[in-house]
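> Chains A and B, in that order, give the protein sequences.
Position in the first sequence counted from 1, then plus 4, gives you the working numbering.
Position in the second sequence counted from 1, then plus 1443, gives you the working numbering.
Treat the hints with care, as some may be off.
[Claimed, not checked] When the alpha-carbon atoms are kept at most 30 Å apart in a straight line, the in silico BS3-like pairs for lysine-lysine are as follows:
#1 LYS1573/B to LYS243/A
#2 LYS1556/B to LYS1474/B
#3 LYS64/A to LYS1481/B
[Said to hold, decoys possible] Computed Cβ-Cβ distance ranges for the label pairs, DEER-style:
#4 SER91/A to ARG1534/B: 30 to 36 Å
#5 GLU34/A to PRO1653/B: 32 to 38 Å
#6 ARG150/A to LEU1523/B: 40 to 46 Å
#7 LEU276/A to ALA1496/B: 33 to 39 Å
#8 LEU127/A to GLY1464/B: 53 to 59 Å
#9 ILE89/A to GLU1612/B: 20 to 26 Å
#10 PRO155/A to ARG1664/B: 51 to 57 Å
#11 THR372/A to ARG1534/B: 49 to 55 Å
#12 SER1465/B to ILE89/A: 49 to 55 Å
#13 ARG1655/B to THR354/A: 52 to 58 Å
#14 LEU287/A to LEU1523/B: 47 to 53 Å
#15 LEU127/A to TYR1490/B: 57 to 63 Å
#16 ALA250/A to ARG1486/B: 58 to 64 Å
#17 ILE89/A to GLY1491/B: 50 to 56 Å
Hint data in this document are derived by calculation from the structure and do not stem from the laboratory.
Predicted, not measured: the structure shown is a model, and the values here were computed from it.
Heads up, the beta-carbon is just placed ideally off N, CA and C, and yes, glycines get one too.
Here is what each chain is made of, one letter per residue.
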Amino acid sequence: MFLKRGLPFETGRSSEGELLVSFKAPLTFENSAEIWEGANTLLAEHQNGPLVLDLSGVTKVDSAGVALLRSIEHLCRRKSIRLRIESVHPSIQHFLDYFEREPQVRRAPSPRGSLVARFGAFLVAQAAELNQFAGYGRSVLGVAARSVRRPGRFRWRECFYYLQLAGSDAMTILFLITFLLGVVMAFQAAIQLKQFGANIYVADLVGLALARELAPVFTAMLLAGRSGSFFAAEIGSMKVGEELDALTVMGFDLTEFITLPKVLALMIAAPLLTMWANFAGILGAIGVSGLSLDLTPYAFLHEFYAAVTFGDIAGGLLKSEVFAILIALVGCFRGFQTDMGADSVGRQTTAAVVSGLFLVIFADAIMTVLFYLLGW
Amino acid sequence: MILENINFCVEHGRIVTILGGSGCGKTTLMKGLVGLLKPAEGRFELYGRDISALGDNEWLDWVRRRIGVLFQSGALIGSLTLAENVALPIREFSNIPPEMVEEIVRLKLAMVKLGGYGSYYPAELSGGMKKRAGLARALALDPHILFCDEPTGGLDPITAAEIDNLLLELNHVLGITMVVITHDLPTILGISDWSIMIDGDVRGIIATGPPREMQHSPDPRVHDFFHRQAMIGNAR
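Start from the sequences and build out the full structure, keeping to the hints where you can.
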């Protein structure tokens, strides 16, 4: 009888009264899933007694067919059903025998401690990484000091290449972002200041916020996203391609050859970009002030010059220098941490951006408090 | 134009090696045959079907169950374990239930002598193991033809011999037709039923036949290819 119409097997009883399943078609990728479903239903109903699989009608078996027979075996073992496979064509038996190899190697399971232990291990790993990063920073400082004494050895060409990449290539997008930032800030301030007739102070608010805080931070975010990730991906790919090993065995100092040009390029680009961001933001704010507060550009700039001192702008530029060093260092550091494999490049590139942004905000908080304490 | 007027037949169940010096177009030919490159002119035919004329989706549907490719580096996906690499085409292109997919993966890994390595990532494996894992993935859906690009390239002689033996065993047991791109003499002489030699200057085939007969070819290009040792002796 047919268990289910259309299935490539029949069920019946053998002469000894065992449940007999006779396959009538090749056991291949095309029908194995369907047969497996039917076998599951059959064995769910079959409570006891042995099962006989008759393969006399099977002319071909592929690896899905072998997996099917193995899966039926496992299922029978779980349900304590005795299984016998009979009438196997010699060529198919040869094929089945070939797959009778069991895995030889077993990987030791990785130890999994308690939640507290794992959290502790995570903290230790983070501390070790921070220590590594600090060590890397120190070594870059040492190499930089050596390079200052021998400027002829410095790789100026690479430095200019990265300067263009991180600096001039970023100008358009930075202008757009900070222009819109100026527009948003001025617009939000205008709504409040209008109520008190203090329209003119929009220049103080936007000017100070941009010069001291927002221009350097937004510039740093853009640099972390564009250049930090680029540095990590570039160095990571070089590591995967064994270019770093090649440079090392040729006798190059990787810090001097790879890291320093990038750090210097970002140190030059960041303050210039921050000035550019200040300019774009103020331009946006002037536009909004003219439209919604009836402030002329002259009045805005007059108030801006009165409110924003050289110290405010210099403070922002100093911040941008610190941010640039952190972003370049963390980008290169993450690149050097890449293991073999494309996925590692991706992971380290992501880590470069995330770590870069975190360090920027962290350093900003420290410097803001420090400037306040110093009365700057 | 790298190659012109290339025509050859591969009998079912045979191992054919495509030989030639570096840069002669062996890998280009293989990429054309598996549909990764379209010819500037002419056609690539497999099973009498012009695969270069197929649209992208049509080609993917056609190629999935017929062709397996072992790339030079193994080309395993680094973010997936070996078991996940092998399971990937089975899960995507068949309706096999998950418990059976696991069973097939175990079989395939055991077949290439990597049983138990399913939880390893490619970065944790040696070059030879990566090639074997790549082979397991190439065979995941039991293809009719297996293309191998430099299967023994960059391996030590003993590991290379293991790969050669594995290819022979798979050809014998599974009856898979194999097209092997190589310039490794022991591989050519050890596994191939038939060889096709390509020359970069001619941009085409310069010799075909069983490799042990090709060894004695009067054509100096073929002779030099097979008798590198003698050439070194002459130079000394």
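> Next step is simple, just say for each hint if it's right about the structure.
Results of checking the hints against the structure:
no. : hint                              : in the structure
1   : LYS1573/B to LYS243/A             : holds (19 Å)
2   : LYS1556/B to LYS1474/B            : holds (28 Å)
3   : LYS64/A to LYS1481/B              : violated (35 Å)
4   : SER91/A to ARG1534/B: 30 to 36 Å  : holds (33 Å)
5   : GLU34/A to PRO1653/B: 32 to 38 Å  : holds (36 Å)
6   : ARG150/A to LEU1523/B: 40 to 46 Å : holds (44 Å)
7   : LEU276/A to ALA1496/B: 33 to 39 Å : violated (55 Å)
8   : LEU127/A to GLY1464/B: 53 to 59 Å : holds (57 Å)
9   : ILE89/A to GLU1612/B: 20 to 26 Å  : holds (24 Å)
10  : PRO155/A to ARG1664/B: 51 to 57 Å : holds (55 Å)
11  : THR372/A to ARG1534/B: 49 to 55 Å : holds (52 Å)
12  : SER1465/B to ILE89/A: 49 to 55 Å  : holds (51 Å)
13  : ARG1655/B to THR354/A: 52 to 58 Å : holds (54 Å)
14  : LEU287/A to LEU1523/B: 47 to 53 Å : holds (50 Å)
15  : LEU127/A to TYR1490/B: 57 to 63 Å : holds (60 Å)
16  : ALA250/A to ARG1486/B: 58 to 64 Å : violated (42 Å)
17  : ILE89/A to GLY1491/B: 50 to 56 Å  : violated (38 Å)
Hint compliance for this structure: hints 3, 7, 16, 17 are broken, all remaining hints hold.
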